[in-house]
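Student: In case you want the letters, here they are:
There are 2 protein chains.
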Amino acid sequence: MTTIAPASAVALQPTTDAELEHLLAAAQTAAAPLAALRPAARARLLDAVADRLDAAADQLIPEAERETHLAGARLRGELKRTTFQLRLFGEELRDGGYLDARIDHADAEWPMGAPRPDLRRVRVPVGPVVVFAASNFPFAFSVAGGDTASALAAGSPVLLKAHSGHPGLSRLTAEVVTSALREAGAPDGTFALIAGTASGAAALRDSRVKAGAFTGSIPGGRALFDIANSRPEPIPFFGELGSNNPAFVTEAAANQRGAEIAQGFVGSFTMGAGQFCTKPGTLFVPAGSGMVEALRDAALPAAAPLLNERIQSGYTDVLSNLQSDPRLTVLAQGAGPLADPPGPTLLLTSASDMLSEPHALQTECFGPTAVVVTYDDESQLAELAETFEGQLTATVHGTDSCQVAELVEVLARKAGRVVWNQWPTGVSVTHAQQHGGPYPATTAAGSTSVGTAAIERFLRPVAYQGFPQHLLPEALRGDNPLRVPRRVDGRREA
Amino acid sequence: MTTIAPASAVALQPTTDAELEHLLAAAQTAAAPLAALRPAARARLLDAVADRLDAAADQLIPEAERETHLAGARLRGELKRTTFQLRLFGEELRDGGYLDARIDHADAEWPMGAPRPDLRRVRVPVGPVVVFAASNFPFAFSVAGGDTASALAAGSPVLLKAHSGHPGLSRLTAEVVTSALREAGAPDGTFALIAGTASGAAALRDSRVKAGAFTGSIPGGRALFDIANSRPEPIPFFGELGSNNPAFVTEAAANQRGAEIAQGFVGSFTMGAGQFCTKPGTLFVPAGSGMVEALRDAALPAAAPLLNERIQSGYTDVLSNLQSDPRLTVLAQGAGPLADPPGPTLLLTSASDMLSEPHALQTECFGPTAVVVTYDDESQLAELAETFEGQLTATVHGTDSCQVAELVEVLARKAGRVVWNQWPTGVSVTHAQQHGGPYPATTAAGSTSVGTAAIERFLRPVAYQGFPQHLLPEALRGDNPLRVPRRVDGRREA
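If you read the protein sequences in the order shown, they are chains P and S.
To convert, note that position 258 of the first sequence is 258 in this note's numbering; the numbers rise steadily by one, no gaps.
To convert, note that position 214 of the second sequence is 214 in this note's numbering; the numbers rise steadily by one, no gaps.
This is chain P alone, in the form it adopts within the complex:
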């Protein structure tokens, strides 16, 4: 097990310009040798990081508890998710499908009208990436989280901009990651921690950096997106910014199991003190179905501390604004809704009020607050769904006989993930996961930040034309030495 100096008392100092220059140069130097590693060799690096993180749990968890106010059990579960995620990307590397390898043999009779040359295409890493950590998942979306795992899997060195919400944990985690990579033989410069807003922005501006990834607020993410795109050489920026995650209950579902849905909703919007990017912020229920009463009478969980003072004050600001909106009334509220820690709040409005000025009532309120909206007629649901901006998720509670095809069509246009009779919180790390939707949910709706497809963000395709075997990347050679899935002359190789 790695020996780690106790970090709790040590603040994370902003990275100096000289340190940043050194780390950027090291990342650039690491890019070629890291890219040159076989996929299975990079998988071993990820496994090594996962193993060391698991082994360091008893040092990491107490630091995380202290800095984030999250419970030990939740944090242990999150660490497990984080190391599972690293290993799953390792499996993805060993599978090789992520390379999207394609071979078109030369064809003198190619019906385009001109002979087809021998063309072979594979994905290669983009180069060094800056990852901006989030506060609400101090493991899974932070130093060794999904963005780091997928960038390293792709073969791109990572500069990780630590979140100020858990500086000690960031430093501890980075030490584990760095030493695990070193011991496993990764090139120097494969991973480094940086700190401070200015350093993060400076790294994103640096010409050696070729992509950025971020999880956080809309203003913060948009500012970084604008930096990435206004560079002399713009680079892709994958920001996951914010989401309201509306949920829609049909009349039949309300009649069949309204109380159960009410209870599930309360559990979902208050999970993690409402600090999940997939928290359902709006619930549409049929008027007169008894659901409003069921929600009013549902047992709200006890107040739980928010992650840090900035989130606490942001939450009370947004909630105060919502409470002063004449279209919203308080439906249910725990003790001390604006106190620290805050008791949960459920607000109530009507479909017609939401239609009158949707965006004000659809503001993301990061914490244990949600808005219940009563509707009179199920045929309104598609229209209500249309009023939302891009979302990470959208949820429908219905029955098999409900006429919801139009609603689902609208929601699939608005959101990256559509959920049926479940709740959006708890984002599973799988091959088919999609965590990313149209703006402002993300700045790149074509990508995901969770699940194995997240690796695609840090790759770009290169075609080799007419090359001899010995100069081709292994994945493109005739004998397929890496045994990767390929498309050959348009057909999938057996």
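Each pair may be met inside one copy or between any two copies, as identical chains are not told apart.
Cut-off 25 Å, straight-line C-alpha distance, at most; resulting in silico cross-link-like pairs (SDA-like, lysine to any residue): (1) 80 x 115; (2) 80 x 488; (3) 80 x 105; (4) 80 x 69.
The hints are simulated quantities; they were obtained by calculation from the structure and are not laboratory data.
Quick caveat: nothing in here was measured; it's all calculated off a predicted structure.
With the hints as your guide, set chain S onto chain P.
Tutor: Frame of chain P, contents of chain S only:
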């Protein structure tokens, strides 16, 4: 065959604000029904467009000849390429691999630490797209070109901003496309032509438009890229902007077949009067190998007219600047290098001069001019390659015994396509083609604008969680009614 009114004499009027509003509304209305068509039904639309274009060749070709100064044979070849391309996207739709369909069944024992829900992911169209046509391929990169074909294949309606270089042909082609789509049953609003710089920019700014695609100059492309990214809701912008396409000749290749390489180079840089985005603009040759003399003595083709007056004047401006650069001398020149039409020009410099201030000597010169660079030592080639910005292509002429692995590694980092012992002009439309490289070659190096992978630009993923079969997209249903390739629980379905 469609009856088309003779268009030659009719100028293409700028689209008015009212017309644009009507076309945007129609495109938005078309989006859902176009997306809802089965892939094979959209393939039939593309086939219908291809068939009608082929049938209209005798009307389209003369108009193209008149407006672009390109020869009839070349234009007929390009039209063939264009209709082949439409049909190839049809095949891609029938194959279904482009959907990247993934199914993860529910798994209570998922090792992440929490049960895995049933998750199913598929790609859906992004919505209406604005395509900006290019001037140099009046068919293949214009009204019915690759961007249009791939966007329609994806299921995204297209607003096509016509290039002012061939207004009559644009109108004729659009009439064929529109009537073919209508007769084949496409939703109204699936395709429309717009004209005028202001209309193009206004369409790109409109909230109903969800992506942009462009082929043209760096300043023009960057301006549009900036519009797309500064919208309240930024959208992806796929610009193919410019490229120098350097080519490197090793000592062994020069010794073995220097004269043949010199001849091939002259053919490639003067092809289409040098107006290809893949024109090799720089050739590195070993000093003292006889290649400079072979290039000096190579037969240059006769002067050929450039596409239009704007390109002619842009070309003579850039060439005049290059000729006045003290580091460049004229190696070979046709009659009237600055005349209209211009004779071809070959300029000469040395590796040390290029290293002293690379970018000035690497400016793209759109027309029949290229720069020959002598080097003293093959070990300089990787360093010289490093001086280039992002490229569409990079070429190496070598032999099997050349030590070029490092050079190829650098070039694969700089370019989207690396060519061995061939020339980059002539971009084949295939599955493995990659036409797009790091900025400024393109604004989105992760994508291609040629080849079947171009469809991916206009798609985004959506995951369905816990859905009943009847509400799932067909590609995600258990019985796989569309027979699309899928990844199920991480494994490729047999």
